[in-house]
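*Asks:* Taken in sequence, the protein lines are chains A and B. Letter by letter, the first sequence follows residues 383 to 670 in this note's numbering. Letter by letter, the second sequence follows residues 383 to 670 in this note's numbering.
None of these hints come from the bench; they were simulated from the model. Note that the structure is a prediction, hence the values are computed from the model and not measured. Fair warning: there could be bad hints in the mix.
Intra- or inter-copy, both count: the list cannot distinguish identical chains.
[Said to hold, decoys possible] List of simulated lysine to any residue pairs, SDA-like, C-alpha gap at most 20 Å:
| no. | residue 1 | residue 2 |
| --- | --- | --- |
| 1 | K549 | D590 |
| 2 | K587 | R660 |
| 3 | K587 | D495 |
| 4 | K623 | Q634 |
| 5 | K618 | I629 |
| 6 | K623 | E633 |
| 7 | K618 | C630 |
There are 2 protein chains.
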Amino acid sequence: MNIEETKIAIIGLGMLGGSYAQGLHKAGMCVIGIDIDPEAIQYAKERRWIEEGGNNPSLIEDCDIVISALYPQAFVDWVCRYQQHFKSGAILSDVTGVKRKVISEINAVLRPDVEFIACHPMAGREYKGIAYADPSQFTQANFLIVSTENNTGHAIETAREIATLLKFRTISLIDPEEHDRIIGFVSQLCHVIAVSLMNISDDPKLVDYTGDSFRDLTRIADINEDLWPELFIYNKDNLMKEIDQLICQLEQMHHLISDEDIEGMKEKMITATIRRRRFNQRQDHPDS
Amino acid sequence: MNIEETKIAIIGLGMLGGSYAQGLHKAGMCVIGIDIDPEAIQYAKERRWIEEGGNNPSLIEDCDIVISALYPQAFVDWVCRYQQHFKSGAILSDVTGVKRKVISEINAVLRPDVEFIACHPMAGREYKGIAYADPSQFTQANFLIVSTENNTGHAIETAREIATLLKFRTISLIDPEEHDRIIGFVSQLCHVIAVSLMNISDDPKLVDYTGDSFRDLTRIADINEDLWPELFIYNKDNLMKEIDQLICQLEQMHHLISDEDIEGMKEKMITATIRRRRFNQRQDHPDS
Chain A
383 MNIEETKIAI
393 IGLGMLGGSY
403 AQGLHKAGMC
413 VIGIDIDPEA
423 IQYAKERRWI
433 EEGGNNPSLI
443 EDCDIVISAL
453 YPQAFVDWVC
463 RYQQHFKSGA
473 ILSDVTGVKR
483 KVISEINAVL
493 RPDVEFIACH
503 PMAGREYKGI
513 AYADPSQFTQ
523 ANFLIVSTEN
533 NTGHAIETAR
543 EIATLLKFRT
553 ISLIDPEEHD
563 RIIGFVSQLC
573 HVIAVSLMNI
583 SDDPKLVDYT
593 GDSFRDLTRI
603 ADINEDLWPE
613 LFIYNKDNLM
623 KEIDQLICQL
633 EQMHHLISDE
643 DIEGMKEKMI
653 TATIRRRRFN
663 QRQDHPDS
Chain B
383 MNIEETKIAI
393 IGLGMLGGSY
403 AQGLHKAGMC
413 VIGIDIDPEA
423 IQYAKERRWI
433 EEGGNNPSLI
443 EDCDIVISAL
453 YPQAFVDWVC
463 RYQQHFKSGA
473 ILSDVTGVKR
483 KVISEINAVL
493 RPDVEFIACH
503 PMAGREYKGI
513 AYADPSQFTQ
523 ANFLIVSTEN
533 NTGHAIETAR
543 EIATLLKFRT
553 ISLIDPEEHD
563 RIIGFVSQLC
573 HVIAVSLMNI
583 SDDPKLVDYT
593 GDSFRDLTRI
603 ADINEDLWPE
613 LFIYNKDNLM
623 KEIDQLICQL
633 EQMHHLISDE
643 DIEGMKEKMI
653 TATIRRRRFN
663 QRQDHPDS
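Between the sequences and the hints, there should be enough to build the whole structure, so can you do that?
*Replies:* Right, here's the structure in full:
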């Protein structure tokens, strides 16, 4: 990809789309911004993150790459409605956190002369809106290219170059089934836990009596309620299975405590400690 | 309390007991250390954290304050076995994370001329041993004085002075029932969750695909398996109730996802967000 000759459009200038625009502009690309909110467009223009922008889909007509930073359903709807504006041969990508359903829905409607390569930047925060855009968050984050057997090497390479320009910490290739299975566990189940924990109790005195553990477990309870229900439903089979597994583990712990089974509890704690330490090691030395 | 004329003994020089010894020595107190491990004693002596130390319980005979940093059952056993060595009028305190059972067991056996004031420093880490002792951890931590109606103002004041010398962030007074109820939720339930999460899956690839949420939720899965089963059993009624409440919330989320009930999910997420933000505000401004 010749950076100076490649034109890229970002659809949706929220926290994530805005961070993409800022990061890709810094990397030397010509960025076009599309958003229904004129203030988001103005915010990005004032900072020169985008060269042109507005709510007019014809702005993407000479773009080589189009990245949707919309919510999953809005992304599918946008493509259905405006895909006549894609340049022939363009690469379409996205940032959505669930993949199987998005990939099949997009590929079912997409023009044959445009290729969709699904991506999942594993960054994100509890804040909404372009005012929170900041590409420096990507340097500690993983980037997943969620390819299928129908993707070309060119599209995969383009996705990898975008992730490299945005300075993601690691870039991995994964298939949609494995992606959604793992995400159901490491991300969605954790959000379900945090929300559930905060829904148990409304005691305002808790904060005076808490150590770090409760703070750590509920940080992600400050959650975007417009986005997450959609993500949960798009991956409901996996997520429901993970919730069942967690309930099963909790019931086992309940029995061990009830029976005062010290050895049984120790066994689970030793397993947890070993796995968690291995996890730390791999994080510090990702290639080991 | 006249710091220079008060002699204090720490029973058990592990991570927490060692941090107490170091912090109280720095504050100008004369500290005596008791431990069955001669290496722990030597470690503390070399650093001048303790003036005297060893495995001989008669070392506490002229101590005005004795603080046990032993595990709960070991603490009760130690008092039963060696309480003839307490100085008459001494204050006995502790650091254990559960209180009702410890308080009733200690008070059932303790000499009438010694007063037990239960304390819970809400610090602690996943590491064991005096090599990890570091009183600087206390400046961000809450200190709970868990008093009963039988405690004198003198004992409560002594506990408060110790916590002040150790530079704890906040010092609160709480009764044993409320203490154990809250700890069952904010600390013990969180540890049960972390251990349960790590016991669900042994996929070593998880780390490549995870964002911050899984890391945050499982940090405390690296757990001291000698201590925690005992803490869980000492508070089993509260902890089992909290596990039940969490399972109930998880089952509700399961139903909402299964029914694709977006409004129901939103409601839980909004509740979680509001409570979590209030929690952040109170943390930043504890007096508001």
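*Asks:* Each hint: holds or not?
*Replies:* Hints and how they fare:
no.	hint	verdict
1	K549 with D590	between (40 Å within a copy, 16 Å between copies)
2	K587 with R660	between (36 Å within a copy, 11 Å between copies)
3	K587 with D495	neither (59 Å within a copy, 35 Å between copies)
4	K623 with Q634	both (17 Å within a copy, 14 Å between copies)
5	K618 with I629	both (16 Å within a copy, 18 Å between copies)
6	K623 with E633	both (15 Å within a copy, 12 Å between copies)
7	K618 with C630	both (18 Å within a copy, 19 Å between copies)
In this structure, only the earlier hint numbered 3 is contradicted, and the remaining ones agree with it.
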